[in-house]
Amino acid sequence: MLRFILMRLGKAAIILIAIMTLNFFLIHAAPGDPAAVMAGEAGAADAKFIAQLREQFGLDKPLLVQLGIYLKGVLQFDLGFSYRQQMPVSQLILDRLPATLLLTMTAFVISLLLGTMAGVLASARVGKWSDTAISSLALLFYATPLYWAALMAVLLFSVYFNWLPGFGYETVGANYTGLARALDIGRHLILPATTLGLFFMAVYMRMTRASMLEVSQLDFVKTARAKGLKSSIIQRRHIFRNAMLPVVTLAGLQAGQLVGGAVLTETVFAWPGIGRLMFEALAQRDYNLLLGVFFVSAAMVLLFNLITDILYRFVDPRIRVA
Amino acid sequence: MLTRLTTLAAALLVSTALNAEPVTGGRANVVIQPEPPSLMMGLVQNGPTQMVAGQIYEGLLRYDQKLQPMPQLAKSWDVSEDGLTYTFHLHDNVKWHDGKPFTSADVVFSADVFLRETHARLRTSLEHVESITAPDDTTVIFKLKEPFGPFLGIFEAGTMPMVPKHIYEGTEYKSNPANNTPIGTGPFKFKEWVKGSHILLTKNEDYYEEGKPYLDEIYWHIIPDAASRAVAYETGVVDILPGGSIENFDVQRVSEMENTCITDKGWEYFGPLSWMWLNNREGPTADKRFRQAVMYAMDRNFARDALWNGLGKVAKGPVSSSTRFFSDEVTNYDYDPEKAKALLAEMGYKGETVRLLPLPYGETWQRWAEAVKQNLDEVGINVELVSTDVAGWNQKLAEWDYDIAFTYLYQYGDPALGVARTYLSTNIAKGSQWNNVEGYDNKEVDALFDKAAVAVTAEERQKLYTEVQQKLVDDVPVAWLLELGFPTIYRCNVKDLVTTAIGVNDGFKNAYIEK
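For the protein sequence lines, the chains are E and R, in the order given. Quick note: the first sequence uses the UniProt record's numbering, first residue 1, plus one each step. Quick note: the second sequence uses the UniProt record's numbering, first residue 1, plus one each step.
Chain E with its partners taken away, still in its complex shape:
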């Protein structure tokens, strides 16, 4: 097992460097650069001023030299400096990480739990009205564009009913502490986390339902029934556990994206997370910051892939042997 993990980590490091190199060239291929954007915001600048900025940012060096400097920094765990925000990139990312993790993990848990439960429920009542209701709801969540759902949620629960705050991480200026603050953040979390979770909830539900139905037709389930086992035991021990493999795969994929944040949700709900940081960095061509966010999210995807593979071995002993 240890050898397996070490090998996978080695591969991951190589893949990570390849991803960073590719990202580096892709970003530099986009028109415009941070010096021009920053000079632009000043409302006036001549070529000399822009050249001065480029020199300060090291953008006047050949591209390969810039890449070398960047990768060397990364190997020393230095993600560089954001000239636009005048702060180290790692600091900017760390500042935003808690908010993003809170949002994406809540959405993850909501979607995984509710989605799987609804899927199991639907599969146990195939063709009945509850199955139809759950399936239709899943289809609706699956097909609704996130941006629209988010705005409608704000309109309904925030503007019309005034039940929940429509945006932000907490009530700015309220200066709550302790439990009051936790509750305040919780209230702010409900709308964005639910909106963000809707799509994956639908996916988990559909996948669990399909997978449960498929497994329930297999021979070993028939044998179990023939043995006279109780239906609930068959559902839980025989069908559910085997039906979970594709769900674990999907959960691994979703978990990998947790750190990358959720650009749309964070934008509509003014959630101070990494998704927005990345989007703004992209618009401003803040190369170092953008590469930093890419680095962290790519590392997370690789890490969660590894965790998924290890989990497989627990869920399905056949993989452990193979």
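In short, the hints are calculated from the structure, not lab data. A portion of the hints provided could be inaccurate.
The following residues of chain E were derived to be distant from chain R, with all beta-carbon distances above 12 Å [to be verified]:
(1) 12
(2) 47
(3) 50
(4) 63
(5) 68
(6) 73
(7) 87
(8) 96
(9) 126
(10) 206
(11) 221
(12) 240
(13) 242
(14) 276
(15) 303
(16) 318
Straight-line alpha carbon distances no greater than 20 Å define the calculated SDA-like cross-link-like pairs of lysine to any residue that follow [claimed, not checked]:
(17) R:174 to R:116
(18) R:195 to E:282
(19) E:48 to R:123
(20) R:195 to E:90
(21) E:48 to R:117
(22) E:48 to R:81
(23) R:174 to E:33
(24) E:48 to R:174
(25) R:195 to E:283
Ideal placement from N, C-alpha and C gives every residue a C-beta, glycine not left out.
Take the given structure of chain E and dock chain R to it, following the hints.
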């Protein structure tokens, strides 16, 4: 009768006095969009930075809505008769937010050392300055090489912010850790910045103007989505939406809410003027008749009424009507598609496709570009819309890779500061989008602008600028659109917020909330 009039006058006086009595205390909740990259105004001069940091940093002067200078850090000033020596007398009781005294040495350091390196726009104006000296702690003398008409107009906080010498002298300005905790002399101090969420400024208790500021604190809310910003106002989270905070199509709905006031004042110093760059170098846009046809083809009244809620004005020419030396004695380009068609026929336009770049600043600008495309289509001009993001748009303009492109620029109160740069042939250079991007080359116009900048009397300058405006409007180097109106929307009990030519940017010094 007389008694009744006297009573009425007295009642008015009393009510004015009651209204004019500012209330101390309270908190302002304001939207800031987008999030400023930094609050160190000496280093960064983009719009949101100026708006927030304009309460922290100050210049030597402020300007009223007629662009007349008012005291700020300088309590008075004299100009020599030959227009070459400007002497400023500073307040003697000003302290930086860290408690150190503010003196003339800070002014010399800011203007002559720091900003000359970091402030692209100011350093062009400072080329006219021969020396900046401080004979004593409260006096600063600027000596010019030659008279420079708009000189008294460059002392506003965003143009020449005072930065503390004791913090920056001898350091690497851009990476100085103090940039994250800005120290100014202004009415509010920096307290907290939770990135992506909000910025908090608190009252400067040691402010040198007795009794000011009135508010205890200002919360700037960072809300990236325009629809959410409108919701923030509607649900009472914020009370002030500075110009441009919400999409134009939301302005009417929001401004009709109860206890809501709206003003388009407070932009006089900037005089934001929108136009379309027309590439004078090649293609159909190189022909003056084509450019005139574009002017006649556009229904600019429609754009103002339908896209800008009737705010702003149809532009007469290169100078905004709030900018000094504006003249309306120029050719009028009213909406006249027939005239446009005639001009196109005369030049022999064969339907070549022209590329039109919208300004990537949101929905209003996209719709505006579509409206113009439709106008141009109607007179037979073939238009292809080319989409970009801001960085791509910057690059295309700086590389002259366009036929027609939307933009808007500030005028900074005087043609020598914000107008001439667009038309001087000496200002044609790739790599920037704030110079003569269209490639217009007219030596007569150059000479008039140069003469007007250094003319001493206002009459003389007016005569020269009127002439240059007439010439430009005939040649149509760019297609002027609207003098933009950016409405500030706020609860009516917020008083005296917009009282100067830069509005909210230095407005919280006087603002108070009526109970």
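Evaluated hints:
no.: 1; hint: 12; result: holds (30 Å)
no.: 2; hint: 47; result: violated (4 Å)
no.: 3; hint: 50; result: violated (6 Å)
no.: 4; hint: 63; result: holds (17 Å)
no.: 5; hint: 68; result: holds (22 Å)
no.: 6; hint: 73; result: holds (16 Å)
no.: 7; hint: 87; result: violated (7 Å)
no.: 8; hint: 96; result: violated (6 Å)
no.: 9; hint: 126; result: holds (41 Å)
no.: 10; hint: 206; result: holds (30 Å)
no.: 11; hint: 221; result: holds (49 Å)
no.: 12; hint: 240; result: holds (41 Å)
no.: 13; hint: 242; result: holds (43 Å)
no.: 14; hint: 276; result: violated (6 Å)
no.: 15; hint: 303; result: holds (25 Å)
no.: 16; hint: 318; result: holds (46 Å)
no.: 17; hint: R:174 to R:116; result: holds (14 Å)
no.: 18; hint: R:195 to E:282; result: holds (17 Å)
no.: 19; hint: E:48 to R:123; result: holds (12 Å)
no.: 20; hint: R:195 to E:90; result: holds (14 Å)
no.: 21; hint: E:48 to R:117; result: holds (11 Å)
no.: 22; hint: E:48 to R:81; result: violated (35 Å)
no.: 23; hint: R:174 to E:33; result: holds (18 Å)
no.: 24; hint: E:48 to R:174; result: holds (17 Å)
no.: 25; hint: R:195 to E:283; result: holds (17 Å)
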